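Visitor: Sequence:
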Amino acid sequence: MSDELNNGLDSKGFIVNPCSLDYLQPEFQPYLENTIQTLESTFDNQLHSVYLYGSVARGNAKKYVSDLDISLVLRCPIEPNIIEELSSIKMQLEAQTPKLSKIDFDPGYLKQVLSPDEVYHWQFWLKHCCCCVWGTDLSQHFTRQRPSINIALALNNDLGFFMTEQRSKVDQCNQNTIGKILAKKMLRTAYTLNANKDNSWHTELSRCADVVRYYYPNHVRYIELAMSMITSGKATVDEIDSLINGWGNKLCEQIELLESTSIHSSAEKSIVN
Numbered sequence: 489m490s491d492e493l494n495n496g497l498d499s500k501g502f503i504v505n506p507c508s509l510d511y512l513q514p515e516f517q518p519y520l521e522n523t524i525q526t527l528e529s530t531f532d533n534q535l536h537s538v539y540l541y542g543s544v545a546r547g548n549a550k551k552y553v554s555d556l557d558i559s560l561v562l563r564c565p566i567e568p569n570i571i572e573e574l575s576s577i578k579m580q581l582e583a584q585t586p587k588l589s590k591i592d593f594d595p596g597y598l599k600q601v602l603s604p605d606e607v608y609h610w611q612f613w614l615k616h617c618c619c620c621v622w623g624t625d626l627s628q629h630f631t632r633q634r635p636s637i638n639i640a641l642a643l644n645n646d647l648g649f650f651m652t653e654q655r656s657k658v659d660q661c662n663q664n665t666i667g668k669i670l671a672k673k674m675l676r677t678a679y680t681l682n683a684n685k686d687n688s689w690h691t692e693l694s695r696c697a698d699v700v701r702y703y704y705p706n707h708v709r710y711i712e713l714a715m716s717m718i719t720s721g722k723a724t725v726d727e728i729d730s731l732i733n734g735w736g737n738k739l740c741e742q743i744e745l746l747e748s749t750s751i752h753s754s755a756e757k758s759i760v761n
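The sequence shown maps to residues 489 to 761 in the numbering used here.
Each hint should be verified, as a subset may be incorrect.
[As the list claims (entries may be wrong)] Pairs of lysine-lysine residues, derived as DSS-like cross-links and limited to a Cα-Cα distance of at most 27 angstroms, are as follows: (1) K615 x K672; (2) K615 x K500; (3) K587 x K599; (4) K500 x K587; (5) K657 x K587; (6) K551 x K590; (7) K668 x K550.
[Stated by the list, open to error] Just the calculated beta-carbon pair ranges, DEER-fashion: (8) D646 x Y702: 22 to 28 angstroms; (9) K500 x P568: 21 to 27 angstroms; (10) G623 x E572: 19 to 25 angstroms; (11) S694 x E567: 28 to 34 angstroms; (12) K599 x T719: 17 to 23 angstroms; (13) N737 x P514: 39 to 45 angstroms.
Note that these hints are calculated values from the structure, not bench results. For clarity, every value in this text was computed on a predicted model and none was experimentally measured. Even for Gly, the Cβ is constructed at its ideal location relative to N, Cα and C.
With the hints as extra help, turn the sequences into a complete structure.
Guide: So this is what it looks like as structure tokens:
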């Protein structure tokens, strides 16, 4: 379905990482530097490395719309106090970053990141979806991958929990923000579940939506609703519930079915031997 000349893959079918510090737009550089300095001062020698992902890392961020998305690897386990600390840092930094919609932190424990069980999750993520902006770049040690169902499941098997958690937070003050977050999550989930069949790996949501429309023709109504939430930044509680109940739960069922039938093997063809 996707254009083979612009499908996010190289000539051998491996996923191309679209993120690089070379693409960082000047107006966002001070915010990134401030974030790194804050993480350094907070976690000191427990901080192993910091990675940038999302539109800022791809060089197509939009002022007042885009997020600053950060993955960080710590030498200590991710205990509740770490989550609380990151939440506090997030609030502090967001008050200092008026040109960004919000800041997101995705923390990982070094020992877990290096585990063979994380080939399709953390190791895939750091290798193909981020660029290292501080510390030792772990991605240099990980293998290149092609789109696969194992990647899709590793990235999205939390969809049910994620929807329940986000829905529990909805109120009139944050419904637009949470609606957009949920819409993005569902759209990317639906896309990655079909990326291997589509022989593509898109990062732009509009391209993902084109693929999703093709593979979910009976759910176009919900796909358009999700895109409306994303592009307009507006969502009602009823629209959020409709998206979760009408499409999100179906995606969860698809994930459960795929998990029950997939053969997880280290010899899968998507990994370079």
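Visitor: So, for every hint listed, does it hold in this structure?
Guide: Cross-check of the supplied hints:
Between K615 and K672, the direct Cα distance comes to roughly 22 angstroms. Compliance with the 27 angstroms bound is thereby established for this hinted pair. Distance check on the hinted pair: K615 and K500 sit about 17 angstroms apart at the alpha-carbon level, within 27 angstroms; holds. For a cut-off of 27 angstroms, the pair hint linking K587 to K599 is broken: about 35 angstroms separates their Cα positions. Under the criterion of a C-alpha separation no larger than 27 angstroms, the hint pairing K500 with K587 is inconsistent with the structure, at around 39 angstroms.
With a C-alpha separation of about 25 angstroms, the suggested pairing of K657 with K587 holds against the 27 angstroms cut-off. A hinted pair counts as satisfied when its Cα atoms are at most 27 angstroms apart, and K551 with K590 qualifies at roughly 11 angstroms. For the proposed pair K668 and K550, the alpha carbon gap of about 16 angstroms is at most 27 angstroms, so the pair holds. Checked against the given bound of 22 to 28 angstroms, the beta carbons of D646 and Y702, roughly 25 angstroms apart, stay inside it.
In this structure the hint that K500 and P568 lie 21 to 27 angstroms apart at CB is violated, the actual value being about 43 angstroms. For the hinted restraint 19 to 25 angstroms between G623 and E572, the CB-CB distance of approximately 22 angstroms keeps it satisfied. A C-beta distance of roughly 39 angstroms is found between S694 and E567, which places it outside the suggested range of 28 to 34 angstroms. Checking the proposed 17 to 23 angstroms range against K599 and T719 shows it is violated: the Cβ atoms sit about 40 angstroms from each other.
Between N737 and P514, the C-beta spacing of about 43 angstroms keeps the proposed range 39 to 45 angstroms intact.
Going down the numbered hints, you'll see the structure goes against 3, 4, 9, 11, 12, while the others check out.
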